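Engineer: Sequence:
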Amino acid sequence: MLPSGLVPSLAEQTAARLRESILSGEIGPGERLSEARLAATLAVSRNTLREVFRLLTREGLLHHEPNRGVFVATPSMASILDIFRVRRMIEVPALAQAWPRHEGIARMRTAVERAEALAGVADWRAVGTENIAFHNAIVALTDSPRLIAFHRQIAVELRLTFGLLDSPEMLHAPYIALNREIVDRAGAGDTAGAAVLLGHYLDQSERTIMAAFARLA
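According to the UniProt record's numbering, the sequence shown is numbered sequentially starting from 1.
Please keep in mind that the hints were generated in silico from the structure rather than gathered at the bench.
Here the structure is a predicted model, which is why all the values come from computation and not from measurement.
Worth double-checking, as some hints may not be accurate.
[Claimed, not checked] Label-pair distances were calculated between CB atoms; the ranges are:
1) SER45 to GLY189: 49 to 55 Å
2) ASP123 to ARG215: 22 to 28 Å
3) PRO145 to ARG46: 29 to 35 Å
4) ARG85 to SER45: 37 to 43 Å
5) ALA122 to ARG17: 23 to 29 Å
Yeah, the Cβ is synthetic: ideal placement off N, Cα and C, and Gly gets one too.
Could you put together the complete structure from these sequences and hints?
Structural biologist: In structure tokens, the structure reads:
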């Protein structure tokens with residue numbers, strides 16, 4: 001996150017585009033990134049792209065393998081556990097202490113409605129994107145730019161964990177109704193009850209992803 005008023009460099013702008021491709025699920029964990037093809041797609045020089053790779057490697061989103069190239073990171077068991085630990089520390093208190101008429105509640109509701117519509121046409125990758133938008137909206141309830149920016153970084157790593165599952169439907173379908181119940185409770189003023197549901201939700205989601213990871217081991 002750049003200080004206010006500073007214009008991001010071309011490498012930073014390009015890194016943001018590549019980060020969004022990971023966040024949307026367009027690029028998945030373990031995928032090899034062709035320098036030549038990606039430079040052409042992003043319309044940047046290979047030198048700029050190498051700087052992008054360095055930036056995203058420092059963030060833990062990419063890694064370099066000697067004589068093989070650059071790959072999108074595959075989350076480890078330890079990193080998955082840590083992601084969920086951080087999410088509980090940020091998201092649950094954010095929801096519990098939220099003002100029910102906060103604009104973030106409306107954003108949560110919009111994400112749920114979009115996910116419901118996308119589930120109807122079985123676009124499960126896009127459902128996953130709306131699920132991330134739902135959780136970003138929860139963190140927006142804090143009105144903390146630092147927490148919001150930090151959680152967006154966590155969300156990109158979270159998206160990589162989604163790619164560990166063979167069936168995105170199995171991962172996302174059960175949580176659409178849960179997201180609906182959470183936002184309905186929060187909007188009705190029961191933010192404490194919504195936060196309890198969210199805690200159970202995160203526990204269940206962690207177990208699902210960890211089980212998928214174990215099958216890959």
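Engineer: Now, for every hint given, state plainly whether the structure supports it.
Structural biologist: Hint by hint, here is what the structure shows:
1. SER45 to GLY189: 49 to 55 Å: holds, 54 Å
2. ASP123 to ARG215: 22 to 28 Å: holds, 25 Å
3. PRO145 to ARG46: 29 to 35 Å: holds, 34 Å
4. ARG85 to SER45: 37 to 43 Å: Taking Cβ atoms as reference, ARG85 and SER45 lie about 39 Å apart, which means the hint holds.
5. ALA122 to ARG17: 23 to 29 Å: Once the Cβ atoms are compared, 27 Å apart, the range 23 to 29 Å for ARG17 and ALA122 holds.
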